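Colleague: Protein chains in written order, with our numbering: chain B, 12 to 236; chain P, 12 to 236.
Worth double-checking, as some hints may not be accurate.
When chains are identical, the list treats them as one kind, so a pair holds in a single copy or across two.
[Unchecked claim] Result set (SDA-like, lysine to any residue): computed pairs, CA atoms no more than 25 Å apart in a straight line:
1) Lys190 / Phe128
2) Lys74 / Ala27
3) Lys55 / Lys211
4) Lys190 / Ile232
5) Lys25 / Asp65
6) Lys147 / Tyr87
7) Lys147 / Asp66
These are computed hints drawn from the structure, not numbers from a lab.
On a predicted model such as this, the values are computed, not experimentally measured, just so you know.
Number of protein chains: 2
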Amino acid sequence: MTQRIGQQNKGDIKVAVDLIIFTVSDDSLKVILIQMKKIPFTGKWAFPGGLIGDDESIDNAAKRELKEKTGVADVYLEQLYTFGDVERDPYGRVVSVSYFALIPSENINLKTIDKYFDIGWFDITNLPELAYDHKKIAAYALKRLQWKVEYANVVYSLLPRYFSLTEMQKVYEVILGRKLDRRNFHRKVKSLGIIKPANKKQIGKHRPAQLYEFSSRKPRIIAVL
Amino acid sequence: MTQRIGQQNKGDIKVAVDLIIFTVSDDSLKVILIQMKKIPFTGKWAFPGGLIGDDESIDNAAKRELKEKTGVADVYLEQLYTFGDVERDPYGRVVSVSYFALIPSENINLKTIDKYFDIGWFDITNLPELAYDHKKIAAYALKRLQWKVEYANVVYSLLPRYFSLTEMQKVYEVILGRKLDRRNFHRKVKSLGIIKPANKKQIGKHRPAQLYEFSSRKPRIIAVL
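With the hints as constraints, model all of the structure from the sequences given.
Modeller: So this is what it looks like as structure tokens:
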């Protein structure tokens, strides 16, 4: 075992939550990172998170952390994975229960605290050097999100209430990291029954586009069988 | 806070793994349960599991537990959810990282240890009274499995290498808890590209059925877009 900083008794495990908060803006998929002060990670970036409270459930700790950092609630929040490698934290045995959130890009005021140097949005495909095992967590979160949008309606949490199919396609393309055929996308997405036409058209355009909304703004699986 | 049995310091959390091990046999979806000795759960049933070792990752603890109880490895094993309510264990703060496994029903010899009264297979729709929050874990595991088979090829881990479409349909019906239209099922499952005809026919039948095998016996998402 490598040498550890600080003291911890055998069998004494700490549990933290880490949040991968995604948004789509400026045609890129972005996540929130905080810049750390504490050694040995001084100056490196990490996903926001922290230890769970003694009288706090893990799910509530994740909601609290999301609210503290972004001011938002009522967005899509899902437990991603619990990372529990023995040596993942130099301060002792810390298990990280990670969550990912999907939030719309408007009206988010990121708040940092004195514990960190800074907080900001970063393109998931171009991250700075990350602390702990957060590079692995980032890769897993992206993969899960890419899978998820293929079989669930969760992009509702990234889009405004009303949106055009062009805007919806752009969100998919940014997440999947590849161009989609326009006609094929329109046909498929209409056949899945997850969206419906709204009684609205896009304003300020030469040819106003039909706007759509999600049939349900709650998580739903798109069944294939 | 309710009174707790035993001693635990503030902030001292224990981490356990719990395994929901599914199989399909005799036309029902079954899970493994162990019968507990320790108070206050004496005589009640629970999913097999235990605390993670000091020098053991959580994922390795799950694999060890599966191997110990069933003798199998190389089956589908997925982290399900981490349950972390404050009062879930009367002995103190214990976080449960649950996993679910899908195993074929043949050649499994369940092994219990002296710590428990008994071990056995139970129909997921007809479980005895469960210890801890395991009733909630059981409900979540079933829901996740029902979702999962709709968008991934994971039933490969419940079926033998070669199977007929009738056998495959039966596994889906048992998991989903409803009858499927035969013609529709055959058409859809063939169109998904997850199985291929094997160069074999079922033996011992008046009209031998075509046998199939999975194109890949690794987890794969069935994309809809």
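Colleague: Output the indices of the hints that this structure fails to meet, ascending.
Modeller: 1 and 3
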